[in-house]
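K.L.:
Spelled out, the chains give:
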Amino acid sequence: MARKHRNQNQIKENIAGYAFVMPALVTYVLLIAFPFFLTLILSFTKFNFLKVRSLAKLGKYISWIGLDNFRTIFTDRRFVQSIGNTFVYALTTVPVSIVLGLVIAYLLNGRVFCKKPLRLAFFIPYISSIVALGAVFKFLFREDGLVNRALMGLGWIAEPWKWTVEPSLSKIPIIFLVIWTSLGYVMIIYMAALQNVPRSLYEAATIDGASGFQQFTRITLPMVSPTTFYLVIVRLIAIFKIFGSVNVFTMGSSIASNTSIVQEIYSSAFSDYAHGYASAQSVVLLLIIIFFTAINFGGQKKWVHY
Amino acid sequence: MKKVLCLLLAALMLLPTLAAFAEGEDITSWILEDDTSISGEISFWMPFKGSQGMDALIADFNSIYPNIKVNLNTYNNNSDGNLSVNTSILAGEVDVLASFGLSNAYKRWEAGLYVDLTDLVEEEGIDLVANWGSDAFKYDDCIYTFPCGGLSYYVAINMNAWNAAGLGELPTEWTWDEYFAASKAMTEYNEDGTVKVYGGSSYHSQNYYTYVYGSLVGKNAYYDEDGTCSFDNPVIIKALQDEYNAEVVDKIWFPKSIYRGDNLQAQQTFLVERTCNSSLTPNMVRFLPDTANYGVDFITGFAPWPVIEKGQTNYMSGVAPFSHAGICMDPDDEDFPAAWAFLKWYSTYGVKYLAAAGHQPNWKGTEPGSALSLLFGTEEEAAKFVDVESFKRVVGVSTNPSYYEDELTAYSKVNSLMAEYTMYALNDVMTPEAALAELTKLADEAIAAER
Chain A
1 MARKHRNQNQ IKENIAGYAF VMPALVTYVL LIAFPFFLTL ILSFTKFNFL
51 KVRSLAKLGK YISWIGLDNF RTIFTDRRFV QSIGNTFVYA LTTVPVSIVL
101 GLVIAYLLNG RVFCKKPLRL AFFIPYISSI VALGAVFKFL FREDGLVNRA
151 LMGLGWIAEP WKWTVEPSLS KIPIIFLVIW TSLGYVMIIY MAALQNVPRS
201 LYEAATIDGA SGFQQFTRIT LPMVSPTTFY LVIVRLIAIF KIFGSVNVFT
251 MGSSIASNTS IVQEIYSSAF SDYAHGYASA QSVVLLLIII FFTAINFGGQ
301 KKWVHY
Chain B
1001 MKKVLCLLLA ALMLLPTLAA FAEGEDITSW ILEDDTSISG EISFWMPFKG
1051 SQGMDALIAD FNSIYPNIKV NLNTYNNNSD GNLSVNTSIL AGEVDVLASF
1101 GLSNAYKRWE AGLYVDLTDL VEEEGIDLVA NWGSDAFKYD DCIYTFPCGG
1151 LSYYVAINMN AWNAAGLGEL PTEWTWDEYF AASKAMTEYN EDGTVKVYGG
1201 SSYHSQNYYT YVYGSLVGKN AYYDEDGTCS FDNPVIIKAL QDEYNAEVVD
1251 KIWFPKSIYR GDNLQAQQTF LVERTCNSSL TPNMVRFLPD TANYGVDFIT
1301 GFAPWPVIEK GQTNYMSGVA PFSHAGICMD PDDEDFPAAW AFLKWYSTYG
1351 VKYLAAAGHQ PNWKGTEPGS ALSLLFGTEE EAAKFVDVES FKRVVGVSTN
1401 PSYYEDELTA YSKVNSLMAE YTMYALNDVM TPEAALAELT KLADEAIAAE
1451 R
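So the sequences go chain by chain: A and B. In this text, residue positions in the first sequence follow my numbering: the first is 1, and each later residue adds one. In this text, residue positions in the second sequence follow my numbering: the first is 1001, and each later residue adds one.
Isolated chain A (complex conformation):
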């Protein structure tokens, strides 16, 4: 009898538990798990969602083509170039924004005049609309923009440079924009980390005669290394998914030298309506992100101090 009563209580508790979890579970299944597995399946198909007039006949509009999409990807000149471009964005913006963010956080962590307004000034770009910021940067880098005028005024260039359409220059404004917008986020995370470094370590180092630079390299850097590791992972993933800032700059220019992976995926899906192919491109992006995240996790033992 007691056992039966216990089982009934257990069931009631389980039901209550499931009821609490259900909203999050349904949301997760509908918005994350289902699209994820659908993307995986669609990557092996030829599919145009515009043709689907009735969900009941969905199968009629999807044709299974095996690995054809993946074979096409590696001969797709623009997609391969977009992978190369995205790597350039990752290799330039991630280290620079992390180093600059740490330096600014370190400086603002001490006694600085107008500390709060300065923090705010660095953080505002991160919370601003990327489209608006992109438009401002595009204006700065246009043919008669401030950058060209300044460079010509300094006598460094004779004629205005075509920053947005010249393939050898076209990544530079985007790199500046990405570094500028991500700096605030990196700085805020580092400031939180720096405040957790025990003061006693610096006091002991001062007594031992360590210089400011030595204290920074021997105490600060190792102590914030878990944060650096977190930022490397987060920023790398963000850069591999970069879209808005690139889209503002590439709009209308038609060149391939500054496009990103997600932009190519968007173009396949919503300009060419090749949703099967776009899904295959998304799977490749996922594999790239997993690969680099795994490498980072593997390498962290050598430089991250917990």
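Heads up, a few of these hints could be off.
One side of the interface only, derived from the structure: several residues of chain A facing chain B at Cβ under 8 Å [stated by the list, open to error]: (1) LYS46; (2) ASN48; (3) GLU143; (4) PRO167; (5) ILE255; (6) TYR273.
Under the rule of at most 25 Å between Cα atoms (straight-line distance), these lysine-lysine pairs were calculated in the BS3-like manner [to be verified]: (7) B/LYS1413 / A/LYS171; (8) A/LYS51 / B/LYS1138; (9) B/LYS1413 / A/LYS241; (10) A/LYS46 / B/LYS1138; (11) A/LYS51 / B/LYS1413.
Hints were generated in silico from the structure; no laboratory data involved. Here a beta-carbon is modelled for each residue, glycine too, at the ideal position from N, C-alpha and C.
Starting from the structure of chain A, add chain B where the hints point.
P.N.:
For chain B alone, coordinates are given in the frame of chain A:
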């Protein structure tokens, strides 16, 4: 005998007039027989706003069909705007849709987003050729849309600059060499030798040099007769080389690299007199009466699209089909007859209102001169902005030979490749010849892959 011959000659001369009259009667009669008392409510999706002629169009329609309520939805004719239209069609929100550009219409035909009108067209005896000049716009031999809207291609000229350069009368026919010479004559320089005002300009889209070939062959500038791409054609190679020379070497045309890089449009640079005095623009006329944004102090004259050699049939001198209207509503919907009535009216009598937005009616029954009155009101008012005589002679002459496109194999791919490699040529990354050679190779691969 002489009298008989004279009478025969007179009858012969009258024949085309009588034929045209008879043809006009055929075109207009089929819609006037409809029942105009039907009622319903429909949504009409179109890239132009109410103030760009669409309110007047709907009011005119309601004067004939008072019981049909038409709700205008304006969308942006870019890739994002067209995507939102497509998703709205799937959601059942779009009843009548005007697609701009054949590639957008084609994607919708292919995806079955438009209702197949073939049976209705046959039932009512609607003659596509008599009404809109072509029956080429079909998919799988089915009619989904009417090619009712078009574009007129011309050179708009700042008459102050033209007269100051002493270029005389506006040409009724001219070659590309003559156009480049006029552009050079109109170019003004600063004291340091830099360009103050560019003498000419291409339109801001990348594909305009291919229309040099289009004006010669009359259709499908991207494709040869055998279905391969045409970018290795000597006419196209010379056209791109000419544009490169005009923009990069001689600096007599406003650079396309700046148009594309800074998101400028040809009508802006023309109307603010910042850079160009003449421009190859299809929709320039829309902006001329816009005194609030462009208060110009010059009269705009019009010259026809230049030709390679004088005497050549100029297929860019007519109205090239550009917008295609059809029905997206479920044929079983109770408002379908209202949508069909509106589509027929819009594609015929109503299409003249496109002129208020700079596009041209492609319906053969449109009264000549309606563009001028819709844009400016009266000829006296028009004379404040344009050279009326050249406007009438050049803009929207639907009876002139027209260019059209009906070959769409890998069109989107070929078009984006063309845009990319054109920019490489005009940005000095590759020579025009090398860029077109590479473009030919890639475009042919894309065409072969789709076939």
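K.L.:
Going through the earlier hints one by one, which of them does the structure break, listed in rising order?
P.N.:
1
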